[in-house]
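Using the sequences and the hints given, assemble the complete structure.
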Amino acid sequence: MITPTRFGLTLPQRGVFFGITTVTNMLDMAHEADGMELFDSVWVGDSLLAKPRPDSISLLGALASVTKKVALGVGCMASFPVRDPIMFAYQWGTLDLISQGRMLLAACTGLVAGGASAKEGALWGVADRERAALLEENINICRKLWNSENVTYSGTYTSFEDVTIMPKPVQNPCPIWIASNPSRGRLSESAWERALRRVAIMSDGWMSAQTSPRSFGDNWDKIVELLKEEGRDPANFPNIAYYNININPDREEALDESKKFLDEYYGPVFSPSMVEAWTASGTPKQCIEQLRALANDGAKSITLRITSWKQEEQFKKMVQEVLPYVTS
Amino acid sequence: MTVDVKFGLTLPNRMVVLGAANMQDIIRMGAYAEETTLFQSLWVGDSILAKRRPESIALLAALAARTCSIRLGVGCMASFPIRNPFVLAAQWATLDMIAGPDRMILAACIGGAGGGGDWEMEQEAFDIPTGHRVRRMIENIEALRALWTLDKASYEGKYVNFSEVISEPKPLTKPHPPIWIAANPRPVNNDTSVIQKATKRVARLSDGWMTTMVTPQTFGERLEAILTARSELDLDTNNFDNSLYYNANINEDKEAAFAESKKFLDDYYSTDWPKEIVDLWVAHGSPEEIIGKIQGFAEAGVKEVTIRLTSYDQKAQLERLINEVIPAFISRT
Numbered sequence: 001m002i003t004p005t006r007f008g009l010t011l012p013q014r015g016v017f018f019g020i021t022t023v024t025n026m027l028d029m030a031h032e033a034d035g036m037e038l039f040d041s042v043w044v045g046d047s048l049l050a051k052p053r054p055d056s057i058s059l060l061g062a063l064a065s066v067t068k069k070v071a072l073g074v075g076c077m078a079s080f081p082v083r084d085p086i087m088f089a090y091q092w093g094t095l096d097l098i099s100q101g102r103m104l105l106a107a108c109t110g111l112v113a114g115g116a117s118a119k120e121g122a123l124w125g126v127a128d129r130e131r132a133a134l135l136e137e138n139i140n141i142c143r144k145l146w147n148s149e150n151v152t153y154s155g156t157y158t159s160f161e162d163v164t165i166m167p168k169p170v171q172n173p174c175p176i177w178i179a180s181n182p183s184r185g186r187l188s189e190s191a192w193e194r195a196l197r198r199v200a201i202m203s204d205g206w207m208s209a210q211t212s213p214r215s216f217g218d219n220w221d222k223i224v225e226l227l228k229e230e231g232r233d234p235a236n237f238p239n240i241a242y243y244n245i246n247i248n249p250d251r252e253e254a255l256d257e258s259k260k261f262l263d264e265y266y267g268p269v270f271s272p273s274m275v276e277a278w279t280a281s282g283t284p285k286q287c288i289e290q291l292r293a294l295a296n297d298g299a300k301s302i303t304l305r306i307t308s309w310k311q312e313e314q315f316k317k318m319v320q321e322v323l324p325y326v327t328s
Numbered sequence: 001m002t003v004d005v006k007f008g009l010t011l012p013n014r015m016v017v018l019g020a021a022n023m024q025d026i027i028r029m030g031a032y033a034e035e036t037t038l039f040q041s042l043w044v045g046d047s048i049l050a051k052r053r054p055e056s057i058a059l060l061a062a063l064a065a066r067t068c069s070i071r072l073g074v075g076c077m078a079s080f081p082i083r084n085p086f087v088l089a090a091q092w093a094t095l096d097m098i099a100g101p102d103r104m105i106l107a108a109c110i111g112g113a114g115g116g117g118d119w120e121m122e123q124e125a126f127d128i129p130t131g132h133r134v135r136r137m138i139e140n141i142e143a144l145r146a147l148w149t150l151d152k153a154s155y156e157g158k159y160v161n162f163s164e165v166i167s168e169p170k171p172l173t174k175p176h177p178p179i180w181i182a183a184n185p186r187p188v189n190n191d192t193s194v195i196q197k198a199t200k201r202v203a204r205l206s207d208g209w210m211t212t213m214v215t216p217q218t219f220g221e222r223l224e225a226i227l228t229a230r231s232e233l234d235l236d237t238n239n240f241d242n243s244l245y246y247n248a249n250i251n252e253d254k255e256a257a258f259a260e261s262k263k264f265l266d267d268y269y270s271t272d273w274p275k276e277i278v279d280l281w282v283a284h285g286s287p288e289e290i291i292g293k294i295q296g297f298a299e300a301g302v303k304e305v306t307i308r309l310t311s312y313d314q315k316a317q318l319e320r321l322i323n324e325v326i327p328a329f330i331s332r333t
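Chains S and Z, in that order, give the protein sequences.
FYI, my numbering numbers position 134 of the first sequence as 134, with every residue one higher than the one before it.
FYI, my numbering numbers position 311 of the second sequence as 311, with every residue one higher than the one before it.
A couple of the hints might just be wrong.
[Claimed, not checked] Simulated crosslink set (DSSO-like; lysine-lysine; CA at most 27 Å straight-line):
hint: 1; chain 1: S; residue 1: Lys144; chain 2: S; residue 2: Lys228
hint: 2; chain 1: Z; residue 1: Lys293; chain 2: Z; residue 2: Lys254
hint: 3; chain 1: Z; residue 1: Lys170; chain 2: S; residue 2: Lys119
hint: 4; chain 1: Z; residue 1: Lys6; chain 2: Z; residue 2: Lys303
hint: 5; chain 1: Z; residue 1: Lys170; chain 2: S; residue 2: Lys310
hint: 6; chain 1: S; residue 1: Lys119; chain 2: Z; residue 2: Lys152
hint: 7; chain 1: Z; residue 1: Lys170; chain 2: S; residue 2: Lys260
hint: 8; chain 1: Z; residue 1: Lys263; chain 2: Z; residue 2: Lys275
hint: 9; chain 1: Z; residue 1: Lys170; chain 2: Z; residue 2: Lys197
hint: 10; chain 1: S; residue 1: Lys68; chain 2: Z; residue 2: Lys315
hint: 11; chain 1: S; residue 1: Lys317; chain 2: S; residue 2: Lys259
hint: 12; chain 1: Z; residue 1: Lys6; chain 2: Z; residue 2: Lys174
hint: 13; chain 1: Z; residue 1: Lys152; chain 2: Z; residue 2: Lys170
hint: 14; chain 1: S; residue 1: Lys300; chain 2: S; residue 2: Lys68
hint: 15; chain 1: S; residue 1: Lys300; chain 2: S; residue 2: Lys228
hint: 16; chain 1: Z; residue 1: Lys6; chain 2: Z; residue 2: Lys293
hint: 17; chain 1: S; residue 1: Lys119; chain 2: Z; residue 2: Lys158
hint: 18; chain 1: Z; residue 1: Lys263; chain 2: Z; residue 2: Lys315
[Said to hold, decoys possible] Coverage of chain S stretches by chain Z, computed from C-beta distances (three or more under 8 Å per stretch; other residues unrestricted):
hint: 19; region: 46–56
hint: 20; region: 83–91
Note that these hints are calculated values from the structure, not bench results.
Ideal Cβ positions, reconstructed from N, Cα and C, are used throughout, including at glycine.
This is the structure we're talking about:
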């Protein structure tokens, strides 16, 4: 059994809209996590108009200057397909310079059911069905702009000649992971495999949530199989599970509060069973068991978002009563 | 004898890509300037591809998280006309949240020509002809104000169009973070109408004016024209802000001060600046000479002088600025 020894902290960025946190509180929490052995990454989310929130690039710039050690991730970068790829590559290069090589990009399609991503995309002339192709094209553009000078690119959506961006990222290569959470039950077998094969072919790592029991493990098993097919070694391929936590002696209460939190955060899109699959909940012992199960399913690292109104209190419990015991 | 003038410090972010400074030193220099309490603002420059440097928004975010109360500006934001207004609205509003209210200043400008920049690369990469930049700047200013202040914003322009867009987060600064225009117009083929147009644009659209490479006399005349135009439009003139982007190199050996400044500017812009521009643009020489130059601008109506030190020894020059120049402008009671 592989168990994570370090964890990520996901900042509840949309919580600024419903009284959970403020930008200042998030920066303080990140600074605190940065000083602890338990954490090796801090994450923010991203969306422009589909699920708006404080902008990921600005927030990461601030995080880069109040932390010293942790990797700084965006997971997932949902507006990646609509943002101008030259502008994005340029801003990301500066973030990597400010953080001295700690940036971790987990790009995704940003598809949202119910029309939110379509509405966002319309402002850039991007239809939902084009997002996957844009994700791939923009990943290729970023890599070229980060690695070379005088780049010429001819793509389906973006073409340019002789472009050099500076400063370049400090990391070379600067990692690009793909975040995806395809549901085997809801997609056709071929669409499911296509989504995961993209990860196996072009990504430097994988991030995923788990919104039904064992979905992380099922997807990871398939990625392992596809990585081998592509001639890549799964042992050297990183992944991270994006997970929630709510510590409460009464597990029902923990799940109720998590559901309320997620309803405020995303609108009422997650059923109680999805919330349960996605949240370490209950007593510290129960949370430890759930995190161990996730690790047992293949999660090499886990980043946690506290789905509670009591961020500071829960953070304390998490770092004192849960995380140190997941591996021992 | 001195009149009231405030100081800003311009952080030379382009030195990073020239290998003459590192990013952490630039950020530390900003934090240190705040500690001295002698500066009311920090400014960084901006350009995506034409005059490459660390990106202004990411850098301002880092500075905002590291400082408490000093104003933070981009001057000028030469990429303003080519930035997407929805992304810029969200990024700048987030900077405003990180910094806290009334600290961020966005000084937009047209960009697109001069200063040794590779404007062709930028124009072609973003497919925005130089001739479209003025219109795009105007539309982005109006679009940002709409996105920041209206629950559901709509805008109809030639290049920017949207309807009922909900832009979040909203900035903390009310009614919205100030948008200045940086303009230093020069006659084109002896045609001075460019100057009148720029003056009107600044008067009508901006919350403040930044300029550079001018004499005190020109500064005074243009400021008066802007304020007159604002009065005619029934816009406030008392709180209308301004800042002069100026350079300094403090050295009793005036020739050495000139030589280092010229080298610095030539490197910074990959161009060969004529002597008269360096003379006009850089206060160089003894502290007394520099105090005199700044005094001249203060008398012409400059509210803030932001200083870029045209030197490869930023630390030493900053100490001289702090100890030998700025104290002359602190009124003793």
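Verification of the supplied hints:
1. Lys144/S with Lys228/S: Distance ~26 Å between Lys144/S and Lys228/S Cα, so the pair holds.
2. Lys293/Z with Lys254/Z: At roughly 14 Å apart (the allowed maximum being 27 Å), Lys254/Z and Lys293/Z satisfy the hint.
3. Lys170/Z with Lys119/S: Answer holds: Lys170/Z to Lys119/S is near 20 Å, not above 27 Å.
4. Lys6/Z with Lys303/Z: Holds, because 6 Å separates the two Cα atoms, which is no more than 27 Å.
5. Lys170/Z with Lys310/S: Between Lys170/Z and Lys310/S the Cα gap is close to 25 Å, so the pair holds against 27 Å.
6. Lys119/S with Lys152/Z: Holds, because 14 Å separates the two Cα atoms, which is no more than 27 Å.
7. Lys170/Z with Lys260/S: It holds: about 24 Å lies between the C-alpha atoms, which stays within 27 Å.
8. Lys263/Z with Lys275/Z: The given pair, whose Cα atoms are some 11 Å apart, holds under the 27 Å limit.
9. Lys170/Z with Lys197/Z: Violated: Lys170/Z and Lys197/Z sit about 32 Å apart, past 27 Å.
10. Lys68/S with Lys315/Z: 24 Å, holds
11. Lys317/S with Lys259/S: The given pair, whose Cα atoms are some 20 Å apart, holds under the 27 Å limit.
12. Lys6/Z with Lys174/Z: Since the Cα atoms of Lys6/Z and Lys174/Z sit roughly 23 Å apart, the hinted pair holds (cutoff 27 Å).
13. Lys152/Z with Lys170/Z: Status holds; Cα separation ~12 Å.
14. Lys300/S with Lys68/S: The hint holds at about 23 Å.
15. Lys300/S with Lys228/S: Distance ~18 Å between Lys300/S and Lys228/S Cα, so the pair holds.
16. Lys6/Z with Lys293/Z: Judged against 27 Å, a Cα distance of about 14 Å means the pair holds.
17. Lys119/S with Lys158/Z: 21 Å, holds
18. Lys263/Z with Lys315/Z: 18 Å, holds
19. 46–56: holds (count 6)
20. 83–91: holds (count 6)
Hint 9 from the list above is the single one not met by this structure.
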